[in-house]
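S.K.: Below are the chains, spelled out letter by letter.
Protein chains: 2
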Amino acid sequence: MAFNKRVKIKSLLESDFVGQEVTLMGWVRTKRSNKNVSFIALNDGSTINNYQVVADPNIIDEETLKRITTGACIKINGQIVASQGSGQSSEISASSITILGDADPEKYPLQPKKHSLEFLREIAHLRMRTNTFGAVFRVRHALAYAVHKYFNDKGFFYIHTPIITASDAEGAGETFKVTTLDLKNPPLNEDGSINYKEDFFERETNLTVSGQLEGELAAMALAEIYTFGPTFRAENSNTTRHLAEFWMIEPEMAFYDAEDNQDLAEDFLQYVIGYALEHCKDDLAFLDKRAADEEQGKKADQRSEMGLLDRLRFVTKNKFERITYTEAIDILRNSNPNKKKKFQYLIEEWGADLQSEHERFLVEKHFKKPVILTDYPKEIKAFYMRQNDDGKTVAAMDILFPGIGEIVGGSQREERMDRLTQRMDEMHIPQEEMWWYLDTRRFGATPHAGFGLGFERLVQFVTGMGNIRDVIAFPRTPGNAEF
Amino acid sequence: MAFNKRVKIKSLLESDFVGQEVTLMGWVRTKRSNKNVSFIALNDGSTINNYQVVADPNIIDEETLKRITTGACIKINGQIVASQGSGQSSEISASSITILGDADPEKYPLQPKKHSLEFLREIAHLRMRTNTFGAVFRVRHALAYAVHKYFNDKGFFYIHTPIITASDAEGAGETFKVTTLDLKNPPLNEDGSINYKEDFFERETNLTVSGQLEGELAAMALAEIYTFGPTFRAENSNTTRHLAEFWMIEPEMAFYDAEDNQDLAEDFLQYVIGYALEHCKDDLAFLDKRAADEEQGKKADQRSEMGLLDRLRFVTKNKFERITYTEAIDILRNSNPNKKKKFQYLIEEWGADLQSEHERFLVEKHFKKPVILTDYPKEIKAFYMRQNDDGKTVAAMDILFPGIGEIVGGSQREERMDRLTQRMDEMHIPQEEMWWYLDTRRFGATPHAGFGLGFERLVQFVTGMGNIRDVIAFPRTPGNAEF
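As given, the protein sequences belong to chains A and B, one line each in that order.
If you use this note's numbering, the first sequence corresponds to residues 1 to 483, in order.
If you use this note's numbering, the second sequence corresponds to residues 1 to 483, in order.
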């Protein structure tokens, strides 16, 4: 006997069901009663909006009504009727209510009051039942879907690059080791080193920091590909911007140069943010208000000039500013905060790595829009970035967003074997371990480019959540692997 | 200067470009020449079909023509003209050709001849450039996209469940350890055990074997969710059916019972396979022929009764057979191979775990269609499956496919706290480590269900590839973590 015969609240609110007998199922958010009637706000996860259930104590027995408390799961049969009160246009008049699962008010942690984000992080298994996190995770879904839809519609192919890998050539950061060896008693070689021949993969392996290099391999066959998978950093960073486990989107395209790459990244970001604006209206309206309330708690000079929705619309409608690193250094060197020594790191000369304060100045104060920074000094960028003719810079790009800083990093890749191997030698990257990567330059090489987008940064930008731990279901950070 | 001004071959073949000047870029598959003309078969990854480039030695210089060898990457400017020969209706008459990247015929491994799948596995970084693997990975993309589209269109939310986890309560198999400890010199407690407090997460962690339990948490808030992410097994299985790293799809639905779950799984499988049939016509036609050729090499009694395409169409058009485990045991016990002792494992009594040979008999010989097997003995299933009223069985389902065996495993979940904890105790699963899972039964519980689909098994079924290592870009198996 199929049980799932319910109508979703989202459908109820989008179409006219008045007069129909339906079944609803969901969780009780609140109940208020007088002696004549109980009003129950029901949420079923399909939308941020609750639906009003009207329960007549002459029809619904007292024992059932008593068990209808915040967090309880209930099933309602009844008729949809036009609503008398304000708010929604319809409500359900319950002919029967079944308690599917109780939620003891003495024990259920999510009572109808304001909970801190810190507290909710400790009960991440329940926090999706709140308005804020329900909205965040519906928006996260919409963004993930938009990513796939964007690339699919453009003829890109989704590639699953490996999670466990023996390569850490990118040197993108500290990695997690993956092993089946007995940690207490690992097999040793004669010289006392660990004998990885005994490990599962017969070599040292770790969790990937990026699918880019493997993505390039696929792009040299299918031309336009993207990855969307988890990546890992074992950095001991307890910040609002870092996770040990996060999801990355990494498109790689044969036949793209640096400009094609910038065009794609800008179009892509505008598309996915526009998609969320179109498909998550109610959730974003809620998050917009939430962000506005939060702004009220800040000092006047710390407040954003734009609200969340305004900011999202602005980004989708305005071309990003494109400037070179060299131009950025000029702007920063001559900026007020630099002259007045307000920057923590003063910009003195070309070659300096840009800090978050500089990126934010460019985006939030100087240009007041997203900025694509290009052509960085080769010394501060990865070995695989294409060397420009000036001998000093590489065809890198970073896209900087207000509030977030770097949201995209990419480059045209160095397709010329001699330049690539020379740079690898300079940076002490062993060529023999990268034979497969070099093969793509040996056989049928072509100009190509790509970029990486940290998905959680994007979700932060779109939802306005300040802490990255609040946009992934079960965050992994130093000391934290619960659930 | 944007470089990517090409037309994709897929577009060329779908629309009429005759008379237009265009730019093509791609890789040379073959070249044949006489003294008057060279014909180049160009592939750009957008489709399995090559496009014919006609090069006149009076226009294209000899040095360039010489460098146009299999695997080289070239850029062609020219006019699209109606084709004289058979095959496609148009071709490009080259006015200029640029070599983007050479492929030395003495060194390039993918010469135009038949390579074994084993050989191609060793050069997985190049194998996507072959017809077979190009087709496989385009179909894989289409299936992945269909998964997202199916669930999105039904209002499900995509959840990223954690990859690194401290929970292995499901006991689904051997896990990989994840650590940042120094393997040679791990910190020890006074009793000599490893001091995991010093590890990154301050506890023992491993790679996930399933996102189900976390998926259930999300379903208790958002009602209908799915996961699609990598999962891991550290099992030393060197078979054509096992990977150490593979991708799983795991929907979890509040308010679904066992029958709802079966209905969803069947509809889902028919949808994604139908999607591939509709969107991957050329690739599947190629793979159909490839599979037919392979069948020729088999003994008559080993051959499939249906070709690949026939099999796919059959599955999308016929209702799956639904029988209980108990009914299956009756059928198997009375089957010819059981009576004639042809099964390796004879079915003697109720309670026996079904082997691959039994599953294949039911699907391929007895019912000749996909089978949903339900209501297994609780002893051979996981703790979280809902106990049936008979006290012996649980509301499990496995979906069995021809050639593949089990492609889906799922169940209604046990939502009743007392039954769940009793079963955990019987199976020695510590309740205290699962406090968060049990909370979903404590607060607002509801009937719910879900299933898991091994994505690579699905890709195998749709592409007809016999070895699971040939449907994932860079397979991870014992002793194998290259690329």
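Treat the hints loosely; a few may be bogus.
Unchecked claim - Calculated cross-link-like contacts (lysine-lysine; reagent style DSSO-like; alpha-carbon spacing at most 27 angstroms):
(1) A:113 - A:75
(2) A:317 - B:5
(3) B:299 - A:75
(4) A:281 - B:31
(5) B:299 - B:368
(6) B:8 - A:154
(7) A:317 - A:365
(8) A:5 - B:319
(9) B:184 - A:184
(10) A:149 - A:75
(11) B:339 - B:368
(12) B:298 - A:10
(13) B:298 - B:114
(14) B:281 - A:154
(15) A:149 - B:184
(16) A:5 - B:5
(17) B:35 - B:10
(18) A:197 - B:368
(19) B:10 - B:281
As the list claims (entries may be wrong) - Non-contacting residues of chain A with respect to chain B, defined by C-beta distances greater than 12 angstroms in every case (computed):
(20) 71
(21) 129
(22) 367
(23) 467
Calculated from the structure, these hints are not laboratory results.
We put the beta carbon where it would ideally sit given N, CA and C, even for glycine.
S.K.: The structure should be examined with respect to each hint, and the outcome stated for every one.
M.R.: Against the structure, the hints come out as follows:
{"no.": "1", "hint": "A:113 - A:75", "verdict": "24 angstroms, holds"}
{"no.": "2", "hint": "A:317 - B:5", "verdict": "25 angstroms, holds"}
{"no.": "3", "hint": "B:299 - A:75", "verdict": "58 angstroms, violated"}
{"no.": "4", "hint": "A:281 - B:31", "verdict": "55 angstroms, violated"}
{"no.": "5", "hint": "B:299 - B:368", "verdict": "20 angstroms, holds"}
{"no.": "6", "hint": "B:8 - A:154", "verdict": "11 angstroms, holds"}
{"no.": "7", "hint": "A:317 - A:365", "verdict": "19 angstroms, holds"}
{"no.": "8", "hint": "A:5 - B:319", "verdict": "21 angstroms, holds"}
{"no.": "9", "hint": "B:184 - A:184", "verdict": "9 angstroms, holds"}
{"no.": "10", "hint": "A:149 - A:75", "verdict": "35 angstroms, violated"}
{"no.": "11", "hint": "B:339 - B:368", "verdict": "20 angstroms, holds"}
{"no.": "12", "hint": "B:298 - A:10", "verdict": "54 angstroms, violated"}
{"no.": "13", "hint": "B:298 - B:114", "verdict": "18 angstroms, holds"}
{"no.": "14", "hint": "B:281 - A:154", "verdict": "18 angstroms, holds"}
{"no.": "15", "hint": "A:149 - B:184", "verdict": "47 angstroms, violated"}
{"no.": "16", "hint": "A:5 - B:5", "verdict": "52 angstroms, violated"}
{"no.": "17", "hint": "B:35 - B:10", "verdict": "30 angstroms, violated"}
{"no.": "18", "hint": "A:197 - B:368", "verdict": "45 angstroms, violated"}
{"no.": "19", "hint": "B:10 - B:281", "verdict": "12 angstroms, holds"}
{"no.": "20", "hint": "71", "verdict": "5 angstroms, violated"}
{"no.": "21", "hint": "129", "verdict": "4 angstroms, violated"}
{"no.": "22", "hint": "367", "verdict": "23 angstroms, holds"}
{"no.": "23", "hint": "467", "verdict": "17 angstroms, holds"}
Consistency note: the structure conflicts with the earlier hints numbered 3, 4, 10, 12, 15, 16, 17, 18, 20, 21.
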